[in-house]
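S.K.: Protein chains in written order, with our numbering: chain A, 1 to 118; chain B, 1001 to 1180; chain C, 2001 to 2551.
Keep in mind the hints are simulated off the structure, nothing from the lab. Note that the Cβ used here is the ideal one computed from N, Cα and C, for glycine as well. Treat the hints with care, as some may be off.
[To be verified] Restricting the straight-line Cα-Cα distance to at most 27 angstroms, the calculated cross-link-like pairs of lysine-lysine (BS3-like) are: (1) Lys-2009(C) <-> Lys-89(A); (2) Lys-2037(C) <-> Lys-2009(C); (3) Lys-1141(B) <-> Lys-2009(C).
[Said to hold, decoys possible] Residues from chain C that keep clear of chain A, each with C-beta distances beyond 10 angstroms, as calculated: (4) Ile-2096; (5) Ala-2423; (6) Gln-2432; (7) Gly-2501.
[Said to hold, decoys possible] Covered by chain C, per the in silico footprint, the following chain B stretches (three or more residues, Cβ under 8 angstroms): (8) 1043–1053; (9) 1085–1091; (10) 1123–1135.
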Amino acid sequence: MKVLTANSLTTGEVVFWSRGRWALDFSDGERFADDAVADAALAAAESQPRVVVAPYLIDVEEAAGHWIPVSYRERIRALGPTNTPQHGKQADGHADVQALAAATSAARSSGRVKLIKR
Amino acid sequence: MPTLISIEGDKAVAADDVFAFVADEDPIPASGDIIVTLARFQSEGDGLLAAGRRVGVRLQPSEDVEALAYDLPRIALIELAFPKFRDGRPYSAARLLRERLSYGGQVRAVGDVLREQAQFMLRCGFDAFIPSDGSGPEEWKAATRRYRHVYQRGADHRPPIYAERAGAASPVKEEFEHGL
Amino acid sequence: MYRYDAYDKAMLTDRSNEFRHQVARRLAGEITEDQFKPLRLMNGLYLQLHAYMLRVAIPYGTLSTRQLRRLAWVAKTYDKGYGHFTTRTNLQLHWIKLRDAPDVMDALAEVDLHAIQTSGNCIRNVTADPYAGATADEVDDPRVWAEVIRQWSTFHPEFSYLPRKFKIAVTASAKDRTAARSYDIGLQLRRGRDGALGFEVMVGGGQGRSPFLAKTVRESLPAGWLLSYLEAIIRVYNRHGRRDNIHKARIKILVNSLGVEEFTRQVEAEWAKIDSATSDLPDTELARIRGAFHPNTFQTLPPVSHAFEAALADPDFARFARRNVHPHKIPGYAIVDVSLKAPGQTPGDCSSEQMEAIADLADQYSFGEVRVNYTQNLVLPHVKLDDLPALHAALKAVDLASANIDLITDIIACPGLDYCSLANARAIPVAQAIAQRFADPERAEAIGELKVKISGCINACGHHHLGNIGILGVDKKGEEFYQISLGGSGDNDATLAEILGPAVHFSKVPDAVETLVDTYLSQRQGGERFLDTLRRTGLTPFKEALYADAD
């Protein structure tokens, strides 16, 4: 399963493609089961150079009822820096944020290759 | 058709390019001004020049301008190629051509040539450009006027700030009405 | 310090205007991201994990209080109320918006600050001794030369598209506080027997994937020929440095592949053709720049201060005096280090409130001058010993009085995977965990000088190659592991650290460091620092201690 992410051109904020718009919350990100559909969404994002910069697809998986990015780096992008809990999206504090933060240990202990990057 | 932009004094003009670049594997045309690679010039240059036409040489960044030192008086123009805009070697090549080898012909930037580099190129001694970003003479003229002063000497003989301070004759210029 | 005159200010204004127009064209879609990216990088604006990051230049690590207050204001107004001082003595703002960047540049330019050439393949911010103008052991003020190089290198038309970034450090003291030998060019000022100033010119240092220490290309270059000689070096590099592989493009690779003799021959041959009258600075201009760094009007004070001596009865103050206070060339004055490494804090981070407080203290006690050290700490360079007790109390009130300079809690750490899109692992939480483990100031002082340096990736912005304990974060099957190296040093005895053994999991790093510290304490003889013991015993006892239970 994939999600499409990018950074907002004007603000630099991390955003996720969500059925026709760019959302700030990872939990709103549209999940693509079909690679062809995901690639089409990526191509569409690349044709929006005045809206977003550097769009790309990330792998996501389900853990304990919540969808989370497989990659540790993408969890940090979705949440915020781990050294300052009051900065970044994690400061919003809702349930999905907590699930994301809690998921840190779950997927990582499986030891799959290339988890840090996308 | 990319424009050849030529700097003449204070002006940037769209010029007609009368020179034809001839690739190594192509035959030399019967007449007309031509540009050839360094390798071709080194092997056929004497013959080409004897035919009474103007000959230019195109240098790649890895080719040293010093290789042309003795022939420069006979070479009508030098093209310095930018395979990528971020390849900075042609800037040194242009400066050496002007300041060390006293070359007086046209020094032309070709390849991945963007107007954002206009002022640096001019300061290194380029006086003609074939841009790859679709920009024209107006934009190039404006791009060369972004900085009222310069800190260091270049091939363009603009006085550096320390000379302006000492001279006291030219105070800080008014800000330009910013162009492009 | 150097004050920008109308010409210098015009350069900044023109740059801000140019940048504003470039941003406008990008936002309007008139240029692509591929065309815009090198332009924004030349203005120090990166796109990082969470936002744009702006790297503000702090030329040779010197700030006026007016500048520091403006940085505090910019951080509060356009960022999240703090800034991060880097190992290159610049300030990073980690949460900038592109649409605000032109306004930020204008606000900085008003106080003679900028982000010019803090990124890109050009000559970067020149660093100098943070104790310049205050230390007794300098032969000249290195900032004079750093300012000379700053002007010469700004918008240099020939050297703005080098094979890779280019960094220069200048030091004028017997004790090198710049890590000059880890630089592309390190310049060591000395006086000859006739009193004439000369530079030892060292070329080809660098950390990162292939660390090297710089080699001496010229033992003594008469100071007046500095710019023409730099021109020769950088022209050779521009023409012959590799451009085919980004990991082999620094000048250190060229020096190493040619060998220092051949490299030197090429530089000297090029230099011989350069006309000094055109390339070097006229004496009048050098004198003008030098004049800007004239000494402050110091009071005539006795070398011993009763107020200072009396305050030593307070153990906190006494520790601060031992760790953070250094001799000044003028009797009765001192150089004071302000630690940005309170245990548990992000190394090098400084809030807007703290910046304001430091500015007030610098105005009151340090002639309005602040310095930035590549160790990610700040310096108040000219403080009266009499004023130290009051200064210490004021620093304590804003959590800036950690008496830990060069101790195990004075950790250098890059932003790492928490912020940086280049990173493989986090660096800051590792630093926080180690510092918290050793937070007891008595314990830290009993351990003594121990420089821990942590990088989140091979680019080595955390200087792990020069750490007594160097720590490099790596990605091992998707988990954060840390490679530990020992024995590095950025001082005059510059040494690259050696890898100890297999990488250690994130959760095990503080334990590993504790094991290494215990090993050192058990082996220590006399007043040996960690580095001294290690050099005497070699890696073996440390390797055995750390990996003994590997099975």
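S.K.: Next step is simple, just say for each hint if it's right about the structure.
M.R.: Quick rundown of the hints versus the structure:
no. : hint                        : verdict
1   : Lys-2009(C) <-> Lys-89(A)   : violated, 39 angstroms
2   : Lys-2037(C) <-> Lys-2009(C) : holds, 25 angstroms
3   : Lys-1141(B) <-> Lys-2009(C) : holds, 23 angstroms
4   : Ile-2096                    : violated, 7 angstroms
5   : Ala-2423                    : violated, 8 angstroms
6   : Gln-2432                    : violated, 7 angstroms
7   : Gly-2501                    : holds, 20 angstroms
8   : 1043–1053                   : violated (count 0)
9   : 1085–1091                   : holds (count 6)
10  : 1123–1135                   : holds (count 3)
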